[in-house]
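If you want the building blocks of each chain, they are given just below.
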Amino acid sequence: MSQAKNLINGSGRRTDGRTADELRQIKITVGVVKNADGSAFIEFGRNKIVAAVYGPREVHPKHMALPDRCILRCRYHMSPFSTDTRKNPAPSRREVEISKVMRESLEPALILEDYPRAAIDLFVEVLQADGGSRCAGITAASVALADAGINMRDIVSACAAGKIDNKIVLDINDTEDKEGGADMPVAYMPHLEQVTLLQLDGILTPEQFNECLDKAIGGCNMVYEIQRQALMQKYFGNETELKEEQ
Amino acid sequence: MSSSKRSTIIVEHLRKQQMWDAISKGKRLDGRNLNETRLIEIEQDIIKKANGSAKVKLGNSEVVAGVKVETGEPFEGLENKGALILSAEVLPTASPYIEPGPPDEETVELARVVDRGIRESSMIDLDKLVLVPGKIVYTIFVDCSIINTDGNLFDATSYAVVSALISSKLPIFEIQDGRVVDTGNSQDPPITTIPISITTVRIGDVVILDPTAEEEACMDARITIATNSNGHYTAIQKGSTGAFTIEQIKKAAEIARIKGEEIRTKLKELPKTG
Chain A
2 MSQAKNLING SGRRTDGRTA DELRQIKITV GVVKNADGSA FIEFGRNKIV
52 AAVYGPREVH PKHMALPDRC ILRCRYHMSP FSTDTRKNPA PSRREVEISK
102 VMRESLEPAL ILEDYPRAAI DLFVEVLQAD GGSRCAGITA ASVALADAGI
152 NMRDIVSACA AGKIDNKIVL DINDTEDKEG GADMPVAYMP HLEQVTLLQL
202 DGILTPEQFN ECLDKAIGGC NMVYEIQRQA LMQKYFGNET ELKEEQ
Chain B
57 MSSSKRSTII VEHLRKQQMW DAISKGKRLD GRNLNETRLI EIEQDIIKKA
107 NGSAKVKLGN SEVVAGVKVE TGEPFEGLEN KGALILSAEV LPTASPYIEP
157 GPPDEETVEL ARVVDRGIRE SSMIDLDKLV LVPGKIVYTI FVDCSIINTD
207 GNLFDATSYA VVSALISSKL PIFEIQDGRV VDTGNSQDPP ITTIPISITT
257 VRIGDVVILD PTAEEEACMD ARITIATNSN GHYTAIQKGS TGAFTIEQIK
307 KAAEIARIKG EEIRTKLKEL PKTG
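Here the protein sequences line up with chains A and B, keeping their order.
Under the working numbering, the first residue of the first sequence is numbered 2, with each subsequent residue one higher.
Under the working numbering, the first residue of the second sequence is numbered 57, with each subsequent residue one higher.
These are computed hints drawn from the structure, not numbers from a lab.
Bear in mind that the values here come from a model prediction, so they are computed numbers and not experimental data.
Errors might be hidden in some of the hints.
No more than 25 Å apart at the CA atoms, straight line, and that leaves these computed lysine-lysine pairs for PhoX-like [claimed, not checked]: (1) A:K179 with B:K137; (2) B:K184 with A:K179; (3) B:K124 with B:K113; (4) A:K179 with B:K113.
Starting from the given sequences, assemble the full structure and let the hints guide the process.
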């Protein structure tokens with residue numbers, strides 16, 4: 002790590018042609034899984050991730066139920082064909098950890114006290130991975146939770162920032178993650194202004210750390226706008242079009 | 057599958073109230089200030105069969121880390137680097153709530169966060185641990201056994217790993233007639249920096265350092281930050297189901313740098329045994 006060069010060219014463009022403050026193309030489609038109570042499909046650069054929510058529903062096994070609130074269960078999983086070399090379908094330690102941080106990044110936004118003795122099951126399946134899949138997964142998951150009509154305090158938007166060629170840039174892709182100097186995934190509740198996920202690997206000076214955190218949160222705010230549009234499109238799609246026509 | 061769960065220990069309502077009252081006045085139930093860590097006791101080289109070892113007590117949390125060095129194939133994509141493999145197990149001795157069995161998600165997270173702190177700082181210069189490029193490299197195993205838990209296992213385990221690696225002696229292997237031979241001599245490991253992990257937790261609006269198990273049971277959110285000898289950040293992990301404001305994170309990062317330097321000085325002053 003960290004000594005790779007030329008991730009930014011002379012005119013300030015990155016390997017995929019983006020500038021330092023540019024997100025990859027993001028497209029969110031709401032309600033793609035017909036059987037689920039809520040779902041979303043996200044294309045985040047070359048990431049393709051589907052998130053589906055079932056619940057609130059009865060808890061099995063029953064002893065897991067909590068008397069005062071709902072439990073949230075979360076599975077992050079990568080399909081065997083999602084990576085360059087085939088991924089063993091059994092859950093890896095990385096997936097166990099991401100399932101945990103993903104759940105912990107979404108729980109602050111959910112009003113779980115509204116559904117005592119019930120469970121909300123969230124399944125996030127990475128069909129194609131391209132760096133930043135946990136952020137894309139969280140982004141899709143919170144849209145799916147909103148689509149399922151679950152009471153929420155805020156939506157959770159996620160985006161990473163990192164360091165390549167000693168420069169802080171937004172939304173690290175796969176190549177930049179592998180060859181760059183640092184990667185910091187952040188999940189953020191834009192209205193409550195609170196951070197619900199923060200991880201870092203790589204080396205940052207204190208100044209770079211502050212810059213990186215601020216940049217990632219800026220990215221989360223951009224992602225939030227796309228999430229909002231996607232939800233509006235599903236629930237008020239025709240209305241918005243009508244208004245525009247008038 | 058990851059799932060919400062009850063608190064690991066049940067702190068009675070009154071005890072919680074007591075804790076909040078104390079914390080809002082700037083004191084903790086064990087008499088510490090908000091930014092005070094517990095006493096750290098480190099014993100190095102306690103396991104003679106290992107290539108390096110350390111026992112760390114952070115308050116009542118107790119961790120033994122052992123280093124074993126072998127040779128093996130490098131990891132895919134990292135053909136010209138030695139391999140570092142870190143594991144952690146919370147032993148059934150550690151608390152009445154632990155049962156034997158495969159690691160649960162908290163233990164997986166513990167091992168991965170400690171690993172990240174060590175690996176991302178490049179504490180061990182893995183480029184220097186190659187015997188035949190692309191074929192045979194040194195493989196350093198650091199295995200951690202948690203013997204007793206009283207909160208903040210992230211830091212206790214991290215200090216144990218760092219102390220064990222500092223105390224370790226790597227056997228010198230050579231290639232003779234295409235086979236790996238142990239020369240019987242040993243060398244110091246190629247240590248480039250000393251990463252120190254600092255965990256802060258938020259209870260209500262108050263942020264405290266080095267939580268006990270009781271405080272962890274009442275916490276809203278946790279953040280573990282590792283810094284290297286230059287005071288640069290090398291790994292971060294936010295945990296638990298609460299959130300932080302941006303100011304709280306920046307403050308925690310600042311504290312991690314200052315406190316990290318204090319603890320690093322302490323680790324460096326350890327008498328070199330073995």
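Taking the hints in turn, this is what the structure says about them:
For the hint linking K179 (chain A) to K137 (chain B), the alpha-carbon distance of about 15 Å falls within 25 Å, and the restraint holds. Distance hint between K184 (chain B) and K179 (chain A) is fulfilled; the C-alpha atoms sit about 21 Å from each other, no more than 25 Å. Restraint check for K124 (chain B) and K113 (chain B): the C-alpha separation of about 21 Å stays at or below 25 Å, so the hint holds. As the CA atoms of K179 (chain A) and K113 (chain B) are separated by approximately 36 Å, the hinted pair breaks the 25 Å bound.
When held up to the earlier numbered hints, the structure conflicts with hint 4 and nothing else.
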